[in-house]
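Participant: Each chain, letter by letter, is given below.
Protein chains: 2
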Amino acid sequence: MVEDKPIEVAASGDSVKKPSKKDLKKAEKESKKAEKRASNAAVKLEVVEDDVSAGKYGVLPLIRSTSNFPQRAFTNVKDLNKRLAGKNVWVRARLHTVRGRGKQCFVVLRQKEFTVQAIINVSNTVSKAMVKFASSISKESILDVEATVTEVPSAVAGCSQQDVELVTSQLWIVSSSLPQLPLLIEDASRPEKNDDAESLSIRVNQDTRLDNRILDLRTPANQAIFRIEAGVCRLFREILTEHGFTEIHTPKIISAASEGGANVFTVSYFKGNAYLAQSPQLYKQMAIAADFEKVFTVGAVFRAEDSNTHRHLTEFTGLDLEMAFKYHYHEVMLFIGNVLTGIFKGLRDQFATEIGMVGQQYGMEPFTFLEPPLVLKYAEGRAMLAEAGVEIGPEEDLNTPAEKLLGRIVKAKYDTDFYILDKYPLAVRPFYTMPDPEDPITSNSYDMFMRGEEILSGAQRIHDPELLTERAKHHGIDLSKIASYIDSFKYGCPPHAGGGIGLERVVMLYLGLDNIRKTAMFPRDPKRLTP
Amino acid sequence: MVEDKPIEVAASGDSVKKPSKKDLKKAEKESKKAEKRASNAAVKLEVVEDDVSAGKYGVLPLIRSTSNFPQRAFTNVKDLNKRLAGKNVWVRARLHTVRGRGKQCFVVLRQKEFTVQAIINVSNTVSKAMVKFASSISKESILDVEATVTEVPSAVAGCSQQDVELVTSQLWIVSSSLPQLPLLIEDASRPEKNDDAESLSIRVNQDTRLDNRILDLRTPANQAIFRIEAGVCRLFREILTEHGFTEIHTPKIISAASEGGANVFTVSYFKGNAYLAQSPQLYKQMAIAADFEKVFTVGAVFRAEDSNTHRHLTEFTGLDLEMAFKYHYHEVMLFIGNVLTGIFKGLRDQFATEIGMVGQQYGMEPFTFLEPPLVLKYAEGRAMLAEAGVEIGPEEDLNTPAEKLLGRIVKAKYDTDFYILDKYPLAVRPFYTMPDPEDPITSNSYDMFMRGEEILSGAQRIHDPELLTERAKHHGIDLSKIASYIDSFKYGCPPHAGGGIGLERVVMLYLGLDNIRKTAMFPRDPKRLTP
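Line order of the protein sequences matches chains U and D. In terms of full-length UniProt numbering, the first sequence has 484 at position 484, counting the first letter as 1, and numbering is strictly consecutive. In terms of full-length UniProt numbering, the second sequence has 509 at position 509, counting the first letter as 1, and numbering is strictly consecutive.
If you're looking for bench data, these hints aren't it; they were derived computationally from the structure. There could be a bad hint or two in this list.
Claimed, not checked - Subject to a maximum C-alpha distance of 35 Å in a straight line, what follows is the list of computed DSBU-like cross-link-like pairs (lysine-lysine):
{"id": "1", "chain 1": "D", "residue 1": "404", "chain 2": "D", "residue 2": "377"}
{"id": "2", "chain 1": "U", "residue 1": "345", "chain 2": "U", "residue 2": "271"}
{"id": "3", "chain 1": "U", "residue 1": "404", "chain 2": "U", "residue 2": "473"}
{"id": "4", "chain 1": "U", "residue 1": "473", "chain 2": "D", "residue 2": "112"}
{"id": "5", "chain 1": "U", "residue 1": "271", "chain 2": "D", "residue 2": "527"}
{"id": "6", "chain 1": "D", "residue 1": "103", "chain 2": "D", "residue 2": "132"}
{"id": "7", "chain 1": "U", "residue 1": "132", "chain 2": "U", "residue 2": "112"}
{"id": "8", "chain 1": "D", "residue 1": "78", "chain 2": "U", "residue 2": "345"}
{"id": "9", "chain 1": "D", "residue 1": "527", "chain 2": "D", "residue 2": "193"}
{"id": "10", "chain 1": "U", "residue 1": "345", "chain 2": "D", "residue 2": "345"}
{"id": "11", "chain 1": "D", "residue 1": "326", "chain 2": "U", "residue 2": "78"}
{"id": "12", "chain 1": "D", "residue 1": "112", "chain 2": "U", "residue 2": "345"}
{"id": "13", "chain 1": "U", "residue 1": "294", "chain 2": "D", "residue 2": "78"}
{"id": "14", "chain 1": "U", "residue 1": "271", "chain 2": "D", "residue 2": "481"}
{"id": "15", "chain 1": "U", "residue 1": "78", "chain 2": "D", "residue 2": "345"}
{"id": "16", "chain 1": "U", "residue 1": "411", "chain 2": "U", "residue 2": "345"}
{"id": "17", "chain 1": "D", "residue 1": "377", "chain 2": "D", "residue 2": "411"}
{"id": "18", "chain 1": "D", "residue 1": "128", "chain 2": "U", "residue 2": "326"}
{"id": "19", "chain 1": "U", "residue 1": "294", "chain 2": "U", "residue 2": "345"}
{"id": "20", "chain 1": "U", "residue 1": "294", "chain 2": "D", "residue 2": "193"}
{"id": "21", "chain 1": "D", "residue 1": "527", "chain 2": "U", "residue 2": "527"}
{"id": "22", "chain 1": "D", "residue 1": "112", "chain 2": "D", "residue 2": "345"}
To be verified - Partial pick of chain D residues on the chain U-facing surface, computed with a CB cut under 10 Å:
{"id": "23", "residue": "203"}
{"id": "24", "residue": "269"}
{"id": "25", "residue": "335"}
{"id": "26", "residue": "338"}
Unchecked claim - Example chain D residues on the side facing chain U (calculated, C-beta under 10 Å, incomplete):
{"id": "27", "residue": "155"}
{"id": "28", "residue": "234"}
{"id": "29", "residue": "276"}
{"id": "30", "residue": "311"}
The beta-carbon is built from N, C-alpha and C at its ideal position, and this holds for glycine as well.
Using the sequences and the hints given, assemble the complete structure.
Facilitator: What follows is the structure in structure tokens.
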């Protein structure tokens, strides 16, 4: 470490303040500890006499923001291509794979989904000791590499950057990984095709992935999934903001289990109890009563359901909206349909690369949709199911298999993976759903489906306190617990409707994934609270 | 209700499906109930013989999305001006105030912050009964009004639309308010100037406001505050997205009280216990360890502090970000400073109207800031305080009065309401804060202030599992509870720093408001869980 002295640990003479004797002693102790840590690292630096590479490789002291650091521009792996051939670059990236072969060491460096090959060859400037050092670095360690970008005669197989490799002149460990990894990124990234015997045998199972989520998340498919998820949120908000919606934040801690009381988590709240909101339902309606006219909110919602299925979480992200209308809730329903279509178009146009990355690992049929979206009446859906031999009563809800079957029928008939089912039976909807004035067994409510699974539930809400009270009574709800909700409609409220979308479900179904745990960064279910 | 038959309730002959006898009976019952509700409303419709206005006013049946409704375009109150003079319009708005004077009735209609005067005069098309009906409508009821836009010779005092009034031809109640309001919007909107005896005497107190939040939120200042709050969120996300950040969602339910254990809410989680996250700290760092490089998250955070102050809530909205850096945490700190400056500029440029609306009620000094933001060392801040006679020890935190005093000193010296205080004592920061390698009593941490109050706390985090373990032990933290956190750094992690911003505080302090409950739509404190 002579020429380009990279980072120094503490207690150097040029520190800004004059530290006291005691301070210096403390600092010295810290410094020694840091050195000990470095030497304890997975990689041991052998001292070799007359090492031509001395000062060109090794373990950097922990980066702690000292005042003297090199002025150095780093190049991103994704930008390494033959236009940079001949140029000297610094790259900070993970060691993805390493193969030492006597006087040569081949390293693949990874930065997010991008990979590039680096070679360390014994030469008159690169010592055997340096090659040996490189060969012994643990996978997943973060390295600073100085290298010359060199064009290669034939494409580098298995790397995203195929037309160049890095001929390495310096190699420093910024952050070491333990040598034993609980899962290999290569394995966790392997395509999951059922006909591929090798990939089947070394597939990393879901729990291993989730137990080691920070490693699992480093795969290209996972990098892509969560960029797409961020995209869904952004598109949802952008479209609504464009249409005059105001974003609000609703409390998660509530005083009463207002939506019927079942499946609600209890919180100790100072000397009493409170509950975790199952949805922002009541609060977004109160915002409508408070003249915000069109509101949306993105936030955590909680369900204390002991369901261990592929599509239930105990905590998920709700994309909720609520909107006043003039005469008919279809003003809102059709608007929401267009919001979803807008999101699908945005994903298709802005996230083609990411969708491709997910497809490479998991495969999937591209997501299809119509513009404007298909709207079916619940009764029509029932008729289509009956034709396929599945009878659903007029006041009965669709169960999951029926939903999926209907999705397949709709897809075959209309070639769309997205549709709206309107006019659900009143009996299967929450108490605050507006009954249909023209057909007493139905209600002004709708669900929306992606690939045959429900992603949104919505309705016209009752904005009249007397009818609301009547319906709450009919549902056996304790009126004293929803007093402040009912009171919200006593001082004039416009007719309104809305809906709630489960973010993780939208992403799962858009991408054709098989489990909602793949689209929650740190999923929560009845059995999983960590990490 | 003859000519322009507006809305009909259920069970009319032209319903789409052929309902059964039983259905019809049920529907009839519903319909009768609805009529009863209408006649129970605050306003009684007197039957007057030979009423020339018959069918031009009354109480509409509850809007329940029947299939026959008028095709009618509505005009927004804010768009009513003399360019529309002579035009016939329909307006749906609240009755803000009403004054009947014999053969005339003056009504002010309100839509969000916009108001317009409507007059109902006895004439050959407007009956005495209609004027009487208008005079008796409760404030805050929602009305459909048909009228001719009419230019007025002198400005209408007290209305936002000053150059026109509405000469009314039809008047229907869409949604009635109870006649007794727990607070008047006029009172709740009154300017709060200390020298104004009248406004002092009828000021609506905070608890009355919060108990009746849906009314309180209808004031122009509140409409503006929550549009500004949505703006802060939007600007925060836009700036970060532009800079390559990925939005993530972190769990609120966590398995261990990871940040020290105090002030955490306990949740019953199936057969065990869990906790509500005090911040997304650990998860956003795990996202960095998982190669997301730059992340942000907007969501609820929970503090079980029994603090009943003007600036504490038990639940608030955190704007959190975390970012990998190359050599020095100032790369991140200065970036965050610029994010905040970007937000201030965005508010100034895009929300001038809303800022004005808040100012009209609460008054305030405009918010000042520098570009780039002022950065002071903690030691410099201490020195400035010492000069003002307030001694703070080198390892001591600033208390609230000291923070406020320092804010005033800084404002006087630099003319900025925003500044960054860098290099806090190590002793007063959380265990995961990186110690300063060049000065053992300080740390690589910073707070940011608006008008002398802290709005952001941030730091370089320890990305080395051994140093992190050491520091956790030093803080007496149960290592078994933070195992999955510490493990996150065992497989290589880049140096990183970040910070967390309290949304409600930013809005409160930007607007110079005196209480954080003014910037939380439905605030939660140790004593308030409703509405």
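Participant: Each hint needs a verdict: does it hold in this structure or not?
Facilitator: Hint-by-hint comparison with the structure:
Between the alpha carbons of residue 404 of chain D and residue 377 of chain D the distance comes to roughly 16 Å, so the proposed pair stays at or under 35 Å and holds. In summary, the hint linking residue 345 of chain U to residue 271 of chain U is not supported, as the alpha carbons are separated by about 50 Å, beyond the 35 Å threshold. For the hint linking residue 404 of chain U to residue 473 of chain U, the alpha-carbon distance of about 34 Å falls within 35 Å, and the restraint holds. Distance restraint check for residue 473 of chain U and residue 112 of chain D: the Cα-Cα separation of roughly 33 Å lies within the 35 Å cut-off, and the hinted pair is therefore satisfied.
Restraint check for residue 271 of chain U and residue 527 of chain D: satisfied, since their Cα atoms lie roughly 10 Å apart, inside the 35 Å limit. For a cut-off of 35 Å, the pair hint linking residue 103 of chain D to residue 132 of chain D stands: about 8 Å separates their Cα positions. Simply put, residue 132 of chain U and residue 112 of chain U have alpha-carbon atoms about 26 Å apart, close enough for the 35 Å limit, and the pair holds. Between the alpha carbons of residue 78 of chain D and residue 345 of chain U the distance comes to roughly 33 Å, so the proposed pair stays at or under 35 Å and holds.
For the suggested pair residue 527 of chain D and residue 193 of chain D, the alpha carbons sit about 28 Å apart, so the restraint of at most 35 Å is met. Among the hinted pairs, residue 345 of chain U with residue 345 of chain D is consistent with the structure: their alpha-carbon atoms are about 32 Å apart, no more than 35 Å. Pair hint residue 326 of chain D plus residue 78 of chain U holds up; C-alpha atoms about 18 Å apart against a cutoff of 35 Å. Only pairs whose Cα atoms come within 35 Å are accepted, and residue 112 of chain D paired with residue 345 of chain U is accepted, the gap being roughly 33 Å.
The hinted pair formed by residue 294 of chain U and residue 78 of chain D meets the criterion: a straight-line CA distance of about 17 Å does not exceed 35 Å. At most 35 Å may separate the alpha-carbon atoms for a hinted pair to count; residue 271 of chain U and residue 481 of chain D meet this at roughly 25 Å. Under the criterion of a C-alpha separation no larger than 35 Å, the hint pairing residue 78 of chain U with residue 345 of chain D is consistent with the structure, at around 33 Å. This hinted pair checks out: residue 411 of chain U and residue 345 of chain U have alpha carbons roughly 18 Å apart, not beyond 35 Å.
Taken as a hint, the residue 377 of chain D and residue 411 of chain D pair is honoured in the structure, with Cα atoms around 16 Å apart against an allowance of 35 Å. Proximity of residue 128 of chain D to residue 326 of chain U is assessed by CA-CA distance (about 29 Å); at most 35 Å being required, the pair is judged to hold. Under the criterion of a C-alpha separation no larger than 35 Å, the hint pairing residue 294 of chain U with residue 345 of chain U is consistent with the structure, at around 23 Å. Between the alpha carbons of residue 294 of chain U and residue 193 of chain D the distance comes to roughly 32 Å, so the proposed pair stays at or under 35 Å and holds.
For the hint linking residue 527 of chain D to residue 527 of chain U, the alpha-carbon distance of about 33 Å falls within 35 Å, and the restraint holds. Taking the CA atoms of residue 112 of chain D and residue 345 of chain D, the gap is near 25 Å; set against the 35 Å cutoff, the hint holds. At about 20 Å, the closest approach between the beta carbon of residue 203 of chain D and any beta carbon in chain U exceeds 10 Å, and the interface hint on this residue is violated. For residue 269 of chain D, the interface hint holds, since its Cβ comes within 10 Å of a Cβ in chain U; the closest pair sits about 7 Å apart.
Contact between residue 335 of chain D and chain U, as hinted, is not supported at the beta carbon level, the nearest pair being about 14 Å apart and thus beyond 10 Å. Of the supplied interface hints, the one on residue 338 of chain D is violated, with its beta-carbon coming no nearer than about 18 Å to a beta-carbon of chain U, more than 10 Å. Here the hint on residue 155 of chain D is broken, as its CB sits about 25 Å from the closest CB of chain U, past 10 Å. A distance limit of 10 Å between C-beta atoms decides the matter here; for residue 234 of chain D the minimum to chain U is near 7 Å, and the interface restraint holds.
At a threshold of 10 Å, the smallest CB-CB gap from residue 276 of chain D to chain U is about 7 Å, leaving the interface hint in force. Because the closest C-beta pair between residue 311 of chain D and chain U is about 17 Å apart, greater than 10 Å, the hint is violated.
Checked against the numbered hints listed earlier, the structure breaks hints 2, 23, 25, 26, 27 and 30; every other hint is satisfied.
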